[in-house]
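Chemist: Given next are the chains, with one letter for each unit.
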Amino acid sequence: MKIGDEGFVPLDVPVETRDIYRENYREITHGRGRLMLFAGDQKIEHLNDDFMGPGIHPDDADPEHLFRIAARGRIGVFATQLGLISRYGMDYGNVPYLVKLNSKTNLRKTADQDPFSPMLHTVGDVVRFRDRSGLSIRAVGYTVYPGSEFESEMLRQAARIVVSAHRYGLVTVLWMYPRGKSVRDETAPHLVAGAAGIAAALGSDFAKVNVPEKDGVQVPELLKEATNAGGRTKIICSGGPSVDEAQFLKGLYNQIHLGGTSGNATGRNIHQKSLQEAVRMCDAIAAISLDDTGPDEALKIIGK
Amino acid sequence: MKIGDEGFVPLDVPVETRDIYRENYREITHGRGRLMLFAGDQKIEHLNDDFMGPGIHPDDADPEHLFRIAARGRIGVFATQLGLISRYGMDYGNVPYLVKLNSKTNLRKTADQDPFSPMLHTVGDVVRFRDRSGLSIRAVGYTVYPGSEFESEMLRQAARIVVSAHRYGLVTVLWMYPRGKSVRDETAPHLVAGAAGIAAALGSDFAKVNVPEKDGVQVPELLKEATNAGGRTKIICSGGPSVDEAQFLKGLYNQIHLGGTSGNATGRNIHQKSLQEAVRMCDAIAAISLDDTGPDEALKIIGK
Amino acid sequence: MKIGDEGFVPLDVPVETRDIYRENYREITHGRGRLMLFAGDQKIEHLNDDFMGPGIHPDDADPEHLFRIAARGRIGVFATQLGLISRYGMDYGNVPYLVKLNSKTNLRKTADQDPFSPMLHTVGDVVRFRDRSGLSIRAVGYTVYPGSEFESEMLRQAARIVVSAHRYGLVTVLWMYPRGKSVRDETAPHLVAGAAGIAAALGSDFAKVNVPEKDGVQVPELLKEATNAGGRTKIICSGGPSVDEAQFLKGLYNQIHLGGTSGNATGRNIHQKSLQEAVRMCDAIAAISLDDTGPDEALKIIGK
Amino acid sequence: MKIGDEGFVPLDVPVETRDIYRENYREITHGRGRLMLFAGDQKIEHLNDDFMGPGIHPDDADPEHLFRIAARGRIGVFATQLGLISRYGMDYGNVPYLVKLNSKTNLRKTADQDPFSPMLHTVGDVVRFRDRSGLSIRAVGYTVYPGSEFESEMLRQAARIVVSAHRYGLVTVLWMYPRGKSVRDETAPHLVAGAAGIAAALGSDFAKVNVPEKDGVQVPELLKEATNAGGRTKIICSGGPSVDEAQFLKGLYNQIHLGGTSGNATGRNIHQKSLQEAVRMCDAIAAISLDDTGPDEALKIIGK
Amino acid sequence: MKIGDEGFVPLDVPVETRDIYRENYREITHGRGRLMLFAGDQKIEHLNDDFMGPGIHPDDADPEHLFRIAARGRIGVFATQLGLISRYGMDYGNVPYLVKLNSKTNLRKTADQDPFSPMLHTVGDVVRFRDRSGLSIRAVGYTVYPGSEFESEMLRQAARIVVSAHRYGLVTVLWMYPRGKSVRDETAPHLVAGAAGIAAALGSDFAKVNVPEKDGVQVPELLKEATNAGGRTKIICSGGPSVDEAQFLKGLYNQIHLGGTSGNATGRNIHQKSLQEAVRMCDAIAAISLDDTGPDEALKIIGK
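Chains as they are written, first to last, in the numbering used here: chain L, 1 to 304; chain H, 1 to 304; chain U, 1 to 304; chain Z, 1 to 304; chain D, 1 to 304.
These are calculated hints, taken from the structure and not from any lab test. Note that the coordinates shown come from a computational prediction; the quantities given were computed from them, not determined experimentally. Take these hints with a grain of salt, some might be off.
Since the list can't tell identical chains apart, any single copy or any two copies may satisfy a pair.
[Said to hold, decoys possible] Mimicking EDC-like on lysine to aspartate or glutamate, the simulated pairs with C-alpha atoms at most 16 Å apart in a straight line are:
| hint | residue 1 | residue 2 |
| --- | --- | --- |
| 1 | LYS181 | ASP112 |
| 2 | LYS104 | GLU153 |
| 3 | LYS304 | ASP283 |
| 4 | LYS224 | ASP59 |
| 5 | LYS104 | ASP244 |
| 6 | LYS214 | ASP112 |
| 7 | LYS224 | ASP62 |
| 8 | LYS181 | ASP114 |
| 9 | LYS300 | ASP244 |
| 10 | LYS104 | ASP49 |
| 11 | LYS304 | GLU27 |
| 12 | LYS109 | ASP215 |
| 13 | LYS300 | ASP125 |
| 14 | LYS300 | ASP283 |
| 15 | LYS109 | ASP292 |
| 16 | LYS300 | ASP50 |
| 17 | LYS304 | ASP114 |
Given only the sequences and the hints, what does the whole structure look like? Please build it.
Modeler: Given below as C-alpha cells:
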C-alpha cells in the first residue's frame, strides 16, 4: 500500500478536524484503505432510464430501493444527492453517506454542448445538513469533465470542494471523466492516467476513472498507469463492463490486483436487481474490494 | 399513502422550524396530504394572453380577480409572484400563499433560445416579506427546464431553494418541465418520470409534471411511473386537457386514482371564468383533490 | 381611482419606512395619485442626439438646462442618472429626483444584439447618496426589455430593485419596453398590456409603457387593456406622438381619460425648447396630468 | 470657467472626505481647474510598441523612464497601473499619481472581438495602497468603450468607480472611446459629444475624448459640442495628432481655446523622447494647459 | 543588478508583512536575487504526457518523484498545485514551495477555444494552508494568456493575486504566454517583451516568458528587450530548447548573461530523469542560475 492509511491525513485538514477525518476515512474504507462505493445518483444523471425498463427489477422503480440496499448490503459509502437523503435518511440512520455535489441530466448530448455540471450544493450546505440531521455524512463527491469547454469552472469547483471538505473532515471522491468535442477516446489508458493525475493535483482522496480499453475491450492491467499517476490519490473503477455477474466480479478483481485500484463504485449492477439479489451483489463486491476474496468465491455469495 | 404525512419532516428542516414546516404542510394540504394549488403566475409567463381574449370572462382582465377567487374558493395555496402579493395581500389576508420565485415571458420561443428562468427573488426575500407583512406565506415554487442549455443553473438554484425554504419551514413545489432544442417529446411518460425523479433528488416536497401523452392524448395511468419515481416527493398535474369541465374533472380524478398523483395545480381553467363560476370550479377541483369525490358529483358543485 | 392613494402602502415596505414611502408618494403625485415625470436620462440612452441638432434649442446643449427646467416647471419628479444629480444637485436642492438606475447607449442596434441594460447603481448606492446629499431623492427607475435575450437578468434586477426600494421607502417606476429580435410589434395593444402586467407582477408602483398603435397611429383608447392589466400598478405614457404641442397635449389627455393612465413621462417634448418655453410646456402637461385640465385650456398655458 | 473650481465638490463625496477631495483636485489641477495628465499606461494597452522601435529614444525601453519624467516634468498627475507604482513609487514619492484601473492589450482587434476592459483593481485596493504606501494617489481612471458588445458591464463598472472614488475623496477621469463593430466613425464630432455626455451622466470629474475629425483632419473647434455636452464634467484630449512638436502644441492650444477643453492627456509624445527632451515637452504642454501660454512661446520651452 | 535586492519590498506589501516578504524573497533567491524554479505543475497542464512515455524514466510515473527531487536538488522553489502539496508535504517539510494557482489541461486546442485558466484556489486559501500545514509556502504563481479571448479575466485575476500575495508577504511569479487565435507568433521578441511589460504593470516580482526565436531558433540575446521592458520585474525562462544537457545549460547561461534574465523555470528537463540524474541536473542548473558557473563546468556536475 502506497500510503500509511491508518494515520494519513492530508495537510489541508486542520488540526481540529483531523480526528473526524480519520474516523470518516476509516469507516468508509472499513479500516482496509479500500472503498466500496454504492452509487445512487442516477436519478438526475440518467433520469428514469436506470430505474425502469427491460431487465430492471420492479423494486428499482421506487427510490427507497436504493436506501434499502444501502442499509442491508455491505458498503463503504452510499453516494447520492442531498435532497434524496433529506427525505429518506430518517429511516436509514445507519447508512454511511457521500453527498454527490453535482449532477446533470443526459438530455443534452455532448455533440450539442460540452458537459457542464456545476455544484448543486456547497460543502457548507452539506456540513450544516450533517449537523442538523445527525446522519453519518462522511464524504462528498463531484464529477469533473476535463476537456469540456467548461472544464475551467469544474476544475475550480473541484479544487475548492476538496479544500472545503477537508476543512470539515470530510473525505473526497472525484469522478474524472474526460469528455467533450475535443476528446476523441475517453477510455485511452494514457488519458485515463491523465485524469487520475488531475485528481492528484487537486488533492482528492479518491478518484473514480474509466476502465481503459483496447480495441473496445476493458483491460484492467492498463489501469496501472493511472494508479501510478494518482500517487497518494487512490483510484477506483466501476467494475467489469458486463451485467454478467461472473464477468463483472472478475473484472473488478483484476482492476484491484492487476491494475492497482483501491475499490469500486458500482450502481446499476447492484440496484437494478431485486432487494435480496442486490444485497448479495453488494456483499460479493465488498468481499472482493475489502477482503481480497477471489471472483469465484465471491460468485458463491450471490448464490451462483 | 407512501409517507406518514402528519409527522413527516425532511431532514434539512432544522429543529427550530419543524413546527412551522408541519403547520405549513398541514394547512396547504388540508391535513389530507394532497395539494390543491391555484396557479396565478401567468402575468409574466403568458403576458396578457390568459387574461384577455375570446372565451375569457371580462372579470379576468383585472389582477384582483385572482385574489378574489383565492379568498373565496377552497384552495390549498395560491401561487403567484411576490410583487403582486405585496399590492393586494393587505386586502386578502386569509389567503394561503405560495411565492413563485421565477418566471419568464413567452416572447422568445424555444426554437430561438432554450428556456432560462432564474430567480426573481431569494428565499430570504420571501421570509423577510412574510415576517414584515404577516401574511400566510406557506410555500415557495420554482420552475426547472431539464434539457435546456441553461439546465445547470436552474438545477443549482432549485437545489439551493429547497434547502433554504426548508431551513425556514416553507414547503416547496418544483415545476419540472423538460424543454429545449434537445428535448423531442415533452410528454413522453418515461421523460415525465425522469422529471419527477429529479425533483426527488433535489428534495422537493411536491413536483408538478406534465400529464404523459400517447398519440397526443393524455393518459393519466401513465403517470404511475412518475409517481413511483418521485418516491416521497409528491406529484401533481394540471387537470385534464380540456376546457370542458366534465372532461377536466374526470381527467383529474384519474390522475389521482389511476396515476397516483397527490393533487393538482390549476390556473386558466379556474380564473378565466367569472368570479362565481371560478369559485365553484375551485370547489369542485378541491372536492376531487382533497375528498376523493367522484367527477360526476364534483360536476354538480359547479352546477352542471 | 382604483386604489386608495392616500393610505396605500405596498406590503414590502416595512413598518419603519411607511411614513417615508407615503411622503414620497404624496410629494411626487402632488397628492393626486398622478405622476408628472420629467425624463432627463437621454444623455446615455441617445447620446447627444436629443440635445443638439435641427429643431433643438441651443439651451439644450448644456446639461444644466434639464435642472433649470426641473427647478422652475411644475413636475412630480425629475428622472436622471445619479452622476448628473451629484454634479448639479447642490444648486437645485428643491427638485424632487428619481434616480434612473440603468441606461444603455443606442450605438448597438437591436438587429445586432438584443438590448441589455443592467444596473449602474444599486438602490443602496441611491440611499447612501440621498442621505449624504440631503436631496429629495424620492424614487428610482429601471428599464426592462421583455423578449430580449437578456430578459431574465433584467427581470431579476427589476424584482430586486422594487423590493430594495420599498424597503427604504422609495417609489418605483419601471419602463417596460418589449424589444428584441423575437418581438415583432412593440406597440401592439395586447403586448403593451402584457408589459403592464409584468410590472404588476414585479410589484412596481408605476410602469411606463408604449402607447398602443393601430396601423402606425397611436390610439389612446387601446391603453385600456394595459391599465386594466396593471391593476394596482399605475400606468403612464409619454404623451402624444407629435412635436406639435396641440396634438401632444390632446394625446396625453386622451391617454388619461380614455386609456386610464395615471400621468406621463415626458422628455424631449419639454427640454428641446428654450428654458421659458420648456417651463410652460411642463406646466401645461402638469395641468392635464394633475388637474384634469382640457387640452385646449392647457394649450393656453404655453401661450398658443 | 463653467464651475467654481475652488469650492466645487460633487454630492457623492461625503462630508468626511470633502477636504481630501478638494486637496486632490487642487493639487492635480495646480489650482487652475485644468489637468495636465501624463499618460503611462501603455505597457498593457500597446505592449512594447510604444517603448521600443524606430523614432523612440532608447531611454524609453526602461519603465523607470516614465517615473523619471513624472518626477521632473511639470505635470498634474501621472497615470499608470498600480503594479508599476508599487515597484517604483518608493523612489518617486513626490509624484502625484492617478491609478488606471483597467487595461487591455491590443492583440485582439475590434474586428475579432468588441473591446472589453474590466477593472484590474477596485477603488478599495487603491485606497488601501494609498494608505499603506503613503504615496500621493490623488485620482483613478477607467476606460469605457460605448458601443462595444460589452458596453453594459463597463458602464456599470465606471458608475461604481466614480461613486467609490468620490467616497474616498479621489478625483476621477474616464477615457470615453466609442468603439466596436457597431461604431463606424470614432471621431465624428456628434459621437464624441455623446461620449462626453455619458461621462457627465456617470458623474466623472474629467473625461478624455477623441479630438473630432473632419475628412480625416482633427478640428479642435468641433470639440465645442463635446465640452458643452460634458457640462460640469471637464473634457481633455491628447494634444495634436502629430509628432511634430509645433503642430502638437498648436493643436492643444486650439483644443483649449477654441474647443473649450480643460487640459490634456499626453503619453507617447512625451515619453518617447530622451529624459531631458521629455521633461521639456512636459513643461511646454503644461504651460499651454495651465498658464494659457501660446504655442509659439511654448515651443521655446522645448528649445525649438 | 537593477534593484537592490536585499532591501527591496514592493509598496503593496504592508508594513506588518515586510519581514515575511524579505525572508521569502531571500530564501527562494538564495540571497542572490536569482530564481531557480523547479516546475512540477504539468499533471494538469499536460496530463500524463510528461510523466510516461518514450525517453521518460519510470521513476517519473509516480508523483512523489517530484518531491524527492525537490527535497534533494538545489532549488529556489518547487512550483506545483496545492492539492499535491497537501498529500506529500508532510514528508517533504524542508522544500520551499510555490503554489501554482491556476492550471488547465491541453485537451482543448487553441484552434478550438482560446486558452482560459482561472484560479483554482485563492491567495487566502494558500495562506490558510500555509498556516495550517506549517510548510514553507513562499510564493504563488499564475499563468496569463494575453491575446486570448479571455484575457480580461486573467489580467484581472493576476492583478488581484499580486496585491493579495504581497499583502501576506508572498512572492509572485507570473507565467506570461501570449496565445490565442489572434496571436500569430508566440516567440516574436517584441511580443515577448510586451508580455514582460504586462507583468511589470501588474506588479509581479518575477515573470516567466518564452525565449524569443528567430527563424525557429531560440536566440537568448533577443531577451534583452524583454528584460528591459520588465524593469524591476525580473524575467526568467525555461532553459535551452533541447533535451541535450550541454545545449540546455549553454542556452540557460546565455539567457542570463546575454539576455539579462534572472534565473530559470525548468520542469521536464529535470523530472523526466531518474532521481539521481534529476538531482544532478538541478544542481547544474542552480550553479548557472545562482553562481554564474559556466556551462562547461556545470556539465561536470551532471557527470558529463
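Chemist: Look at each hint and say if it fits the structure.
Modeler: Here's how the hints hold up against the structure:
1. Within a single copy, LYS181 and ASP112 get their C-alpha atoms as close as 9 Å, and across copies as close as 9 Å, so both meet the 16 Å cut-off.
2. Taking identical chains as interchangeable, the C-alpha atoms of LYS104 and GLU153 lie at most 16 Å apart whether they share a chain (15 Å) or sit on different chains (10 Å).
3. For the identical chains of this complex, LYS304 and ASP283 are intra-copy neighbours only, at 13 Å inside a copy versus 59 Å across copies, given an alpha-carbon limit of 16 Å.
4. Proximity of LYS224 to ASP59 under the C-alpha cut-off of 16 Å is restricted to the inter-copy arrangement: shortest distance 14 Å between copies versus 37 Å within a copy.
5. For the homomeric pair LYS104 and ASP244, neither the shortest alpha-carbon distance inside one copy (28 Å) nor that between copies (39 Å) is at most 16 Å.
6. For the identical chains of this complex, LYS214 and ASP112 are neighbours neither inside a copy (27 Å) nor across copies (27 Å), given an alpha-carbon limit of 16 Å.
7. Proximity of LYS224 and ASP62 under a CA criterion of 16 Å is satisfied inter-copy only: 11 Å between copies versus 38 Å inside one chain copy.
8. In the homo-oligomer, the alpha carbons of LYS181 and ASP114 lie at most 16 Å apart both inside one protomer (7 Å) and across protomers (15 Å), since each shortest distance falls under that limit.
9. Taking the shortest Cα distances, LYS300 and ASP244 sit within 16 Å of each other inside one copy (14 Å), while across copies they are farther apart (58 Å).
10. Taking the shortest Cα distances, LYS104 and ASP49 sit within 16 Å of each other inside one copy (14 Å), while across copies they are farther apart (30 Å).
11. Within a single copy, LYS304 and GLU27 get their C-alpha atoms no closer than 30 Å, and across copies no closer than 53 Å, so neither meets the 16 Å cut-off.
12. With identical chains, the CA atoms of LYS109 and ASP215 are never at most 16 Å apart, being 24 Å at best within one copy and 26 Å at best between copies.
13. Taking CA atoms no more than 16 Å apart as the test, LYS300 paired with ASP125 passes in neither setting, with 42 Å inside one copy and 50 Å between copies.
14. For the identical chains of this complex, LYS300 and ASP283 are intra-copy neighbours only, at 10 Å inside a copy versus 59 Å across copies, given an alpha-carbon limit of 16 Å.
15. In this assembly of identical chains, LYS109 and ASP292 lie within 16 Å of each other by CA distance neither inside one copy nor across copies; the values are 39 Å within and 43 Å between.
16. Taking CA atoms no more than 16 Å apart as the test, LYS300 paired with ASP50 passes in neither setting, with 26 Å inside one copy and 44 Å between copies.
17. When the C-alpha separation of LYS304 and ASP114 is checked against a cutoff of 16 Å, the pair qualifies neither within a copy, at 42 Å, nor between copies, at 50 Å.
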